[in-house]
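Visitor: Going line by line, the protein sequences match chains B and Z.
For the first sequence, the numbering used here puts the final residue at 857, and the numbers step up evenly by one.
For the second sequence, the numbering used here puts the final residue at 837, and the numbers step up evenly by one.
Some clues are possibly wrong.
Some, not all, of what chain Z presents toward chain B, calculated at C-beta under 8 Å [to be verified]:
(1) VAL252
(2) ASP267
(3) PHE268
(4) GLY270
(5) LEU271
(6) LEU338
(7) VAL343
(8) GLY353
(9) VAL366
(10) VAL377
(11) ASP787
(12) GLY794
Per the computed footprint, the stretches of chain B lying under chain Z, defined by three or more beta-carbons under 8 Å from a beta-carbon of chain Z, are [claimed, not checked]:
(13) 654-665
(14) 739-752
(15) 764-770
These aren't lab readings, by the way, just hints derived from the structure by calculation.
Glycine included, each C-beta is placed from N, C-alpha and C at the ideal position.
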Amino acid sequence: MSLGRVGLVAVLALPALGAAVLAVLPHRIDRAARITGTAFAAAAFVLSVLLALGGDDNWFGYRPRTAGGPGVRPWHELDLTWVPGLDLRFHLGVDGVSYPLVVLTALLTLLCCAYTAWRVPAPGRGRTLVALLLVVEVGIVGTFLALDLVLFFLFFEVVLLPMYAIIAIWGGEDRQHAARKFALYTLFGSVLLLVGVFTVVTAAGTADLVDLTGGGELSRGTQLAAFSLLAIAFAVKSPLWPLHSWLPDAHTQAPTVGSVILAGVLLKMGTYGLIRVAVGVAPEGARWAAPVLGTLAVAAIIVGSLVCLAQSELKRLIAYSSVGHMGFVLLGVATLTATGIQAALIGNIAHGVITGLLFFLAGAIKDRAHTGALAELGGLRESTPRLAGLLGFAAIASLGLPGLAGFWGEAFAVVAAWRVGGPFWTTLAVLAALGGALTAAYLLRLLRRVTHGPATPAVLTLTPGLAGAELAAWGPLVLLALAIGLAPTLVLGYAEVPVEALLEAIR
Amino acid sequence: MTGAQTLGALLPAVPFGLALVGLLLPQRSRAVAAGLGIGGAAVALVCAVALAVTVDHGGTESAAEWIDFGGLSVTLSVRLDPATALVAIAVAVVALAVQVYSVGYLHDDDRYAPYAAQISLFTAAMLLVVVAGDLIMLLVGWEVMGICSYLLIGHDRRLPEAPAAAVKAFLVTRVGDVGFLLGIVVLGVSAGSFRISDVLAHDFSPGTLTAACLLLLAGVAGKSAQFPLHTWLPDAMAGPTPISALIHAATMVAAGIYAVTRLFPLFERAPAALAVLGVMAAVTLLLGALAATAQDDIKRVLAWSTVSQLGYMAGALAVGSPPAALFHLLSHAAFKALLFLAAGAVIHAVGSNLMSAMGGLRRPMPVTFWCTAIGLGALAGVPPLAGFWSKDGILVVAEQAARHHAGPAPAWVGWLVWIAGLVGVGLTAWYAARLLLRTFLGPSRAQTHPMDASAGIDAPATAPAHTPVGPPHDPPGLLRWPVLLLTVPSAALGFAVFVPPFRSALALDEAHLDAFLIIPVALLLLGAGLAWWRWRADPAADPATGLGPLRPAFARAFWLDEVQHALVVRPVRALGRLARRIDETVVDGAVEGTGRSTAGLGGGLDLLHRAGVPRAVAAVLAGALLLGIAAVALGGSA
Chain B
351 MSLGRVGLVA
361 VLALPALGAA
371 VLAVLPHRID
381 RAARITGTAF
391 AAAAFVLSVL
401 LALGGDDNWF
411 GYRPRTAGGP
421 GVRPWHELDL
431 TWVPGLDLRF
441 HLGVDGVSYP
451 LVVLTALLTL
461 LCCAYTAWRV
471 PAPGRGRTLV
481 ALLLVVEVGI
491 VGTFLALDLV
501 LFFLFFEVVL
511 LPMYAIIAIW
521 GGEDRQHAAR
531 KFALYTLFGS
541 VLLLVGVFTV
551 VTAAGTADLV
561 DLTGGGELSR
571 GTQLAAFSLL
581 AIAFAVKSPL
591 WPLHSWLPDA
601 HTQAPTVGSV
611 ILAGVLLKMG
621 TYGLIRVAVG
631 VAPEGARWAA
641 PVLGTLAVAA
651 IIVGSLVCLA
661 QSELKRLIAY
671 SSVGHMGFVL
681 LGVATLTATG
691 IQAALIGNIA
701 HGVITGLLFF
711 LAGAIKDRAH
721 TGALAELGGL
731 RESTPRLAGL
741 LGFAAIASLG
751 LPGLAGFWGE
761 AFAVVAAWRV
771 GGPFWTTLAV
781 LAALGGALTA
791 AYLLRLLRRV
801 THGPATPAVL
811 TLTPGLAGAE
821 LAAWGPLVLL
831 ALAIGLAPTL
841 VLGYAEVPVE
851 ALLEAIR
Chain Z
200 MTGAQTLGAL
210 LPAVPFGLAL
220 VGLLLPQRSR
230 AVAAGLGIGG
240 AAVALVCAVA
250 LAVTVDHGGT
260 ESAAEWIDFG
270 GLSVTLSVRL
280 DPATALVAIA
290 VAVVALAVQV
300 YSVGYLHDDD
310 RYAPYAAQIS
320 LFTAAMLLVV
330 VAGDLIMLLV
340 GWEVMGICSY
350 LLIGHDRRLP
360 EAPAAAVKAF
370 LVTRVGDVGF
380 LLGIVVLGVS
390 AGSFRISDVL
400 AHDFSPGTLT
410 AACLLLLAGV
420 AGKSAQFPLH
430 TWLPDAMAGP
440 TPISALIHAA
450 TMVAAGIYAV
460 TRLFPLFERA
470 PAALAVLGVM
480 AAVTLLLGAL
490 AATAQDDIKR
500 VLAWSTVSQL
510 GYMAGALAVG
520 SPPAALFHLL
530 SHAAFKALLF
540 LAAGAVIHAV
550 GSNLMSAMGG
560 LRRPMPVTFW
570 CTAIGLGALA
580 GVPPLAGFWS
590 KDGILVVAEQ
600 AARHHAGPAP
610 AWVGWLVWIA
620 GLVGVGLTAW
630 YAARLLLRTF
640 LGPSRAQTHP
650 MDASAGIDAP
660 ATAPAHTPVG
670 PPHDPPGLLR
680 WPVLLLTVPS
690 AALGFAVFVP
700 PFRSALALDE
710 AHLDAFLIIP
720 VALLLLGAGL
730 AWWRWRADPA
740 ADPATGLGPL
750 RPAFARAFWL
760 DEVQHALVVR
770 PVRALGRLAR
780 RIDETVVDGA
790 VEGTGRSTAG
800 LGGGLDLLHR
810 AGVPRAVAAV
820 LAGALLLGIA
830 AVALGGSA
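Construct the complete structure from the given sequences, taking the supplied hints into account.
Guide: Set out below in structure tokens:
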């Protein structure tokens, strides 16, 4: 077994092991347990970064492709028989599309574990929270690594229950309702995913994504059906307007670390699935549905921004902003061009970094001021200038300022739509660009309410300092938002080859 | 990379790096922050001067790939020529003056460190626009400048209107930037590259080119405060006075004009876009000048005069003369920075922005008086100060476009720009004279401040930025030297037209001293004379009373703010509320309703299953009977 294969297994096994260890550790050494969990998350993060080594098709060693190869060409691949009777295989692999997402997942989990090691949200039991975070990491990373459709589905589902528990136990006042809504709504998507997966598997006789990509074996009718089912399932997760309404409740009620994971990487399972599974397996269906997908994506951008303009609660506003940002990502995917899919990939990562940071900051503000109502916040820069400065940075990054991470995905989604040409896509491009102005409007409104003006009573009593753990959790995200903005190659350097391979396969 | 290219890359890189360091400093570390800020501007100035010396006349360009989006490549490149170097010098000089001035002006501000770093970032962004050889790079600098202006305009915590003004500045320009981004997209997608030299070399279809140029003009209108996106600029006065100098002189508003000169070969082939630009320029020029006549806030007079002067520059572009526009941009940068910094000294001394609280400051503040007088003379175009030559250059090209149909735009555009420009000369002279007379001459009105009758219709009386200590006096050295430094180019830059290297750098024609020169000079005398005559009759009264019933319209700039509020801001807000309601009641309501009705259905079925023993027994027996009948029927048929 090569080192790469060991790495693939270890990235999944380490957090699982960590969760198991935490489960058996005694209750009274809660803090030590949290730190142990953080150590496992750190080890998993280091391993996930190292996955890039040794691949001969990536950044470090470009190998010219042979024409007509498969649509997925992982750097490292592990293919074991799992349940021979059902022809299930344990097939993992990493390539330039999944690699940045795997690293982002491992990073955000590490930051969330470290944050929890410092502060446990009410009602305590931080050990369990860290363990659940690690289980969620297994599910998300597994989803990004799986190259077998059934395995993909299994990992996709692993995430659901621990996330439900995180919201239902550590969430805000209305946590039960939000958690139930999240679980049931995404379960509805999962049912469609299951039907879609088995439609494909029975029609093609294999569940292997490498073989399936390109959709050559499937009839047009099967592809249309499969794409519709898969796309709706992923649209619930992404979320795509109008299937988004679980998101504001879940994000608002979830504890800080839950919101960060939810917005940062959980939503990306939907967009990743759309690119790798739905588009890859049923390209004809994708071409058929692209105009609908594009229209809904632009509707998400506009509606999401408009709703944000009228929001009165901090976390809810940031949650809704995800609807708009993911709209840009989905618009990129809907164009089915190299430009659009690359824009979607970098948009995914940028949104994960920036919105993760925004939720961390919103959580810090709510923890301190004990309110998230915009009307009761104000003048944050008077009492806690550093926190206000960071919030300003995150909001500016989120509005897609050129030079920061958010710009590339949004601007090039517009470019991709324009490049498709024709009155329909040109209109979508113009509307999406206008959505960019609305995005700026609501984020500046947020800053004006929260940071400017005289300090409100809720804000006046805050102490200016930031804890070391907070800086440690936020610092990497701040740096990444700047670094990806200045050097988008950090994300896209890996993606160019696999995206071209995918597009070649589905042509 | 050649030496010039390295210098070009260093121009934005050094202030940017120092700005990042400055943003991490503790808020109260004044000395280090000041050192970083001044150092960044000074290094940029040295680089710009060195660039002016070394750059070839034909220009030079470097390129390295930044990122490739599915075959559309974005490059990191600098595109340098002598005009670039001159604009970079202007930016660096103004930035340096503003940094030094700010040390004194914000001596008691506890958030000086981020302020100085933001100025450095602002400078870096403008320099990036100046040297950028790729449209996406240009866009980066363009928007970073927008966010810096947002941050700096909102800096002063004592002004309640500052946050709103900051948001307005960013959003109005951002609306224009939607067009700018789309324009770049059209050009980049058609040319297959965002590199400026590739775009300029590409052969666009006329329709595409006109569309792209019009879209770009939306962004230019936003940044360079052209009608109808000019509304943010006067409100931006809520920023500290040095920031006003920075925004109005060499950064931000200059970017739009400069970007058009960079892409002028495209505009030259799109006369329709030039015609639109010409109309926009003429309206802006007159609108700004008229609005400037009736303001009471000294900074607002200067702000509206900037709007008007930007109209001149845009007009020069519209009649096909980027050199004339750039020359006016340079001289305007000098005298407008001078005027704002001098106005800051006055405000510092008086403790108010309102001219109704000034008057008679010539004797206590002689240095400021003479500097302001030179700046206003340059603004109005008094020979032989800088503004006279640069404005005359614009009037000459407009006259040639009008009368001899020289240049790419239709002749009527030439007539429009020329006549608007001439009217503007008279108006400028009138309001410049009024500003000088009201502020420095006549009796002092310091005691009658702040609520005299005339203040009511003007801008809302702003809280004094500084509480003056003792009687008015000339500012201390840190504030005085930058002002004196800027007096030199304000007075003498015009003579550069007689220096061949300068002329060839801008591709400027020789100065025309012909009979048509008499018209603007006569109008200048007329405007200034009318103001003086009115003031002479009653030195205590505002010459603006002579405007009669037009005064409120001018003071409120024809209520365009209110129009914008009614037509854009309120509908968008209402739409937001509507979207939220629909999202919560319809979209989410359907989801919640599904949940509730499922639960209700379950409850109903549950009730049905809860029955007493007799009914349950009857149901079981009935079921058994039915099954039996079914079995018999099916078995019988088999």
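Visitor: Each of the hints needs a verdict: does it hold here or not?
Guide: Hint-by-hint comparison with the structure:
1. Using the Cβ-Cβ criterion of 8 Å, the hint placing Z/VAL252 at the interface with chain B is not satisfied: the shortest such distance is roughly 30 Å.
2. A cut of 8 Å between beta carbons decides the hint on Z/ASP267: the least distance to chain B is about 7 Å, and the hint holds.
3. For Z/PHE268, the interface hint holds, the least distance from its beta-carbon to any beta-carbon of chain B being 5 Å, beneath 8 Å.
4. Taking 8 Å as the C-beta contact cut-off toward chain B, the hint placing Z/GLY270 at the interface holds, the least distance being around 6 Å.
5. Using the Cβ-Cβ criterion of 8 Å, the hint placing Z/LEU271 at the interface with chain B is satisfied: the shortest such distance is roughly 6 Å.
6. At a threshold of 8 Å, the smallest CB-CB gap from Z/LEU338 to chain B is about 5 Å, leaving the interface hint in force.
7. Given hint, Z/VAL343 at the interface with chain B, holds; its Cβ is 6 Å from that chain's nearest Cβ, closer than 8 Å.
8. Nearest Cβ of chain B to the Cβ of Z/GLY353: about 6 Å, under the 8 Å cut. The hint holds.
9. Look at Z/VAL366: its Cβ gets to within about 5 Å of chain B, closer than 8 Å, so that hint holds up.
10. About 5 Å separates the beta-carbon of Z/VAL377 from the nearest beta-carbon of chain B, less than 8 Å, and the hint is met.
11. A hinted interface residue such as Z/ASP787 counts as satisfied when its beta carbon comes closer than 8 Å to some beta carbon of chain B; here the least separation is about 4 Å, so the hint holds.
12. Look at Z/GLY794: its Cβ gets to within about 7 Å of chain B, closer than 8 Å, so that hint holds up.
13. With a threshold of 8 Å between beta carbons, the proposed coverage of the stretch 654-665 of chain B by chain Z holds, since 6 of its residues qualify and at least three are required.
14. Counting residues of the stretch 739-752 of chain B whose C-beta lies closer than 8 Å to any C-beta of chain Z gives 5; at least three are required, and the coverage claim holds.
15. Residues of the stretch 764-770 of chain B lying with their CB closer than 8 Å to a CB of chain Z number 5, which satisfies the three-residue condition for coverage.
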